[in-house]
Amino acid sequence: MIRLHRCCIALLMASAPVAASAASPIELTARVLVEQRQAAADGTTRIVLVPPARVTPGDAIVYTLIYRNTGSQPVPDLVVASPVPGNLLYAGPAEKAAVPEVSVDGKAFAPLAQLRVDGRPAIAADVRALRWRIAAPLTGGAAGQVAFRAIVK
Amino acid sequence: MMNRILSPVALLAGTGAGLLIAPQALAQQVRSGTAAGVSISNQATVSYSVGGSSLTTSSNTATFVVDKKINLAVAELGGTPTIVARGATDQVTTFTVTNLTNATQDFRLEADQQDVSIPLLGTDDFNVTSVRVFVDSNGNGTYEAGVDRATFIDELAPDATVTVFIVANIPDVAGITQANVSLNAIAANSGQAGTLGGDVVATPLTTPDSPTTVDIVFADDTGLLDQPRNGQQRAFDAYRLGSAVVTLRKSARVLSDPVNGLASPHAIPGAVVEYCITVNNAGPNVANGITVTDALPANTDYISNSLTVGGIGTGDTCVLNGSIEDDDAVGADESDPYGGSFDGATVRATLPSVTPLVPLNVGFRVTIR
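So the protein lines, in turn, are chains A and B.
Here the first sequence is numbered in my numbering, starting from 2 and rising by one per residue.
Here the second sequence is numbered in my numbering, starting from 24 and rising by one per residue.
Don't take each hint at face value.
Claimed, not checked - Taking beta-carbon pairs under 8 angstroms as the criterion, some of the chain B residues facing chain A (in silico):
1. S76
2. L78
3. V170
4. T174
5. F175
6. P227
7. T229
8. S233
Stated by the list, open to error - Non-contacting residues of chain B with respect to chain A, defined by C-beta distances greater than 12 angstroms in every case (computed):
9. R54
10. V73
11. G74
12. S82
13. N83
14. D90
15. K91
16. N94
17. A98
18. T124
19. L228
20. P231
21. D238
22. A242
To be verified - Sample of chain A residues lacking proximity to chain B, with all beta carbon distances greater than 12 angstroms (derived):
23. L34
24. D43
25. T45
26. S83
27. G87
28. N88
29. E96
30. A111
31. R132
No wet-lab data here; the hints were simulated from the structure.
Don't be surprised by glycine CBs; every beta carbon is placed ideally from N, CA and C.
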């Protein structure tokens with residue numbers, strides 16, 4: 002009995018992201034990758050995303066947040082939020098990703114151009130938190146993702 | 024649930040305040056960057072409404088470890104060569120070494136002589152001797168023999184800078200002008216104070232990547248005679264001989280005496296004595312506008328119109344006479360390249376220029392009373 006129980010917990014931890022509520026139909030997975038420049042065969046340099054095994058200051062990190070409705074009912078008013086970790090500088094949304102509302106204090110969210118810090122216009126380095134408001138209800142079984150770039154200080 | 028949403032916010036309020044108070048601290052941190060080994064975690068949240076009530080779910084925590092980025096800067100201090108004299112000892116050129124690694128490092132120091140001339144610095148035509156390298160242990164920017172004794176940089180913190188001296192002796196050889204030297208700093212492993220660690224080795228690309236271990240990545244730039252991404256940096260300086268070192272040498276020889284004539288003359292009253300002053304320039308540059316003055320010795324009489332200036336001198340004798348000068352300071356003989364005069368007490372001679380290693384003579388004659 003006990004052994005079985007342990008097994009299930011382990012399984013849960015491995016596969017499912019931390020579930021806040023047993024009744025939660027929404028599942029959120031965070032993935033972190035690092036940009037790496039690679040020489041392509043045609044002589045150009047392309048940027049690929051690789052697991053963050055070798056990360057040094059100055060590298061660009063891409064966080065991808067994947068949300069999924071595991072239930073069968075549509076879920077409205079979806080808001081995905083993420084802090085910018087302390088040693089990172091926010092560097093805008095990732096390629097082809099939705100532009101988030103940003104916050105310099107974690108409370109007020111707005112487009113970056115509308116925020117001010119110490120009386121001056123806020124810059125990307127001031128951003129401490131991000132928020133995406135998903136307009137359309139997420140239908141059952143559907144998934145989506147948002148992503149942002151950050152530079153390691 | 025609400026705490027979940029607020030927790031990152033509460034955490035951010037603190038860091039946000041820190042950022043506002045100390046923007047310079049932020050700038051400094053950015054230079055070498057986040058310390059190696061720091062684990063960066065992020066947890067996102069998603070909130071939504073179900074049946075009119077708001078719910079929140081947190082994501083997994085995405086984590087990676089910041090690796091060690093080996094970088095350093097070596098710079099020459101002062102921007103000009105050290106001006107030295109021939110035969111001088113313990114002559115110093117000064118450099119700085121800055122640790123731009125996001126971790127504390129030792130640095131091995133190599134002082135090198137440049138055999139090839141570097142156009143930026145000038146032509147290298149000799150090597151200094153007894154080349155040593157020392158760290159400015161007390162941080163006062165001045166080399167002190169016996170005080171600054173460390174020969175490697177020990178446990179240099181991220182973004183910290185130390186001064187390093189190359190100390191060398193200048194050979195006493197005629198004709199030398201400049202010696203170029205360089206300081207090469209090599210990142211070495213830290214961890215044991217007082218001991219120089221082995222050179223840092225980058226984690227091979229073939230090593231399997233792990234997000235949880237600290238790998239070592241070389242990030243130093245390329246430079247003159249320095250390969251990129253090798254954990255080394257080099258800077259150059261030079262020792263340059265002072266622009267002209269002029270020395271005088273005076274000799275006398277008896278030309279004739281009233282008893283023996285020209286054969287084996289002796290310095291007896293009535294004897295004619297020739298003084299020869301040799302003006303030598305050890306270089307490396309031409310010395311200009313030289314004036315030689317010599318007070319007439321006691322108990323001698325100047326022989327009128329015996330002054331010659333500009334002869335090429337070797338040894339102690341005026342073998343080749345220069346241009347003959349009259350005794351006043353005006354006239355046609357003053358407008359040839361050389362000039363000379365005698366005012367009753369002092370012999371004066373002017374030489375417009377003396378090139379290195381071509382000594383010129385000033386000669387005049389007296390009779391012994």
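Status of the hints after comparison with the structure:
Because the beta carbon of B:S76 sits about 11 angstroms from the nearest beta carbon in chain A, more than 8 angstroms, this interface hint is broken. Interface restraint check: B:L78 against chain A, minimum CB-CB distance 6 angstroms, threshold 8 angstroms, status holds. Among the interface hints, the one on B:V170 is violated; its C-beta lies about 35 angstroms from the nearest C-beta in chain A, farther than the 8 angstroms criterion. Residue-level restraint check for B:T174 is violated (minimum Cβ-Cβ distance to chain A is 29 angstroms; threshold 8 angstroms).
At about 25 angstroms, the closest approach between the beta carbon of B:F175 and any beta carbon in chain A exceeds 8 angstroms, and the interface hint on this residue is violated. Residue-level restraint check for B:P227 is violated (minimum Cβ-Cβ distance to chain A is 11 angstroms; threshold 8 angstroms). The beta carbon of B:T229 is not positioned within 8 angstroms of any beta carbon in chain A (closest approach about 13 angstroms), and the interface hint is therefore violated. Proximity of B:S233 to chain A holds as hinted, the smallest CB-CB distance being about 6 angstroms (cut-off 8 angstroms).
Look at B:R54: its CB is around 9 angstroms from the nearest CB on chain A, not clear of 12 angstroms, so calling it non-interface is violated. Distance check for B:V73 against chain A: the nearest CB is about 6 angstroms away, which does not clear 12 angstroms, and the non-interface claim fails. The beta carbon of B:G74 sits about 9 angstroms from the closest Cβ of chain A, which is not more than 12 angstroms, so the claim that it is off the interface is violated. Distance check on B:S82: its Cβ comes as close as 4 angstroms (rounded) to a Cβ of chain A, failing to clear the 12 angstroms threshold; non-interface status is violated.
With a minimum CB-CB distance of about 4 angstroms to chain A, B:N83 fails to clear the 12 angstroms threshold, and the non-interface call is violated. The beta carbon of B:D90 sits about 5 angstroms from the closest Cβ of chain A, which is not more than 12 angstroms, so the claim that it is off the interface is violated. Distance check on B:K91: its Cβ comes as close as 7 angstroms (rounded) to a Cβ of chain A, failing to clear the 12 angstroms threshold; non-interface status is violated. Its beta-carbon lying about 9 angstroms from the closest one in chain A, B:N94 breaks the requirement of being farther than 12 angstroms from that chain.
With a least CB separation of 21 angstroms from chain A, B:A98 remains clear of the 12 angstroms interface cut-off, as annotated. Once the 12 angstroms rule is applied to beta carbons, B:T124 is inconsistent with being away from chain A; the minimum gap is 10 angstroms. For B:L228, the condition that its CB be more than 12 angstroms from all CB atoms of chain A is violated, with the nearest at approximately 9 angstroms. Here B:P231 does not stay apart from chain A, with its beta-carbon only about 8 angstroms from theirs, under the 12 angstroms limit.
With 12 angstroms as the threshold on Cβ separation, the claim that B:D238 sits away from chain A is violated: the shortest Cβ distance comes to roughly 5 angstroms. The Cβ of B:A242 does not lie farther than 12 angstroms from every Cβ of chain A; its closest approach is about 6 angstroms, which violates its non-interface assignment. Non-interface call for A:L34 relative to chain B: violated, since the shortest CB-CB distance, roughly 9 angstroms, does not exceed 12 angstroms. Separation of A:D43 from chain B is adequate, the least Cβ-Cβ distance of about 22 angstroms exceeding the 12 angstroms criterion.
For A:T45, the non-interface assignment is confirmed: its Cβ lies about 20 angstroms from the closest Cβ of chain B, beyond the 12 angstroms cut-off. Not every CB of chain B is more than 12 angstroms from the CB of A:S83 (nearest about 4 angstroms), against its label as outside the interface. Taking the minimum C-beta to C-beta distance to chain B, about 6 angstroms, the non-interface status of A:G87 is violated against the 12 angstroms cut. Non-interface status of A:N88 relative to chain B is broken: a Cβ of that chain comes within 12 angstroms, the nearest being about 4 angstroms off.
Chain B leaves A:E96 outside its interface by the beta-carbon criterion, the shortest separation being 18 angstroms against a cut-off of 12 angstroms. The Cβ of A:A111 lies farther than 12 angstroms from every Cβ of chain B, with a closest approach of about 15 angstroms, so its non-interface assignment holds. A:R132, annotated as away from the interface, has a beta carbon of chain B within 12 angstroms; the closest lies near 10 angstroms.
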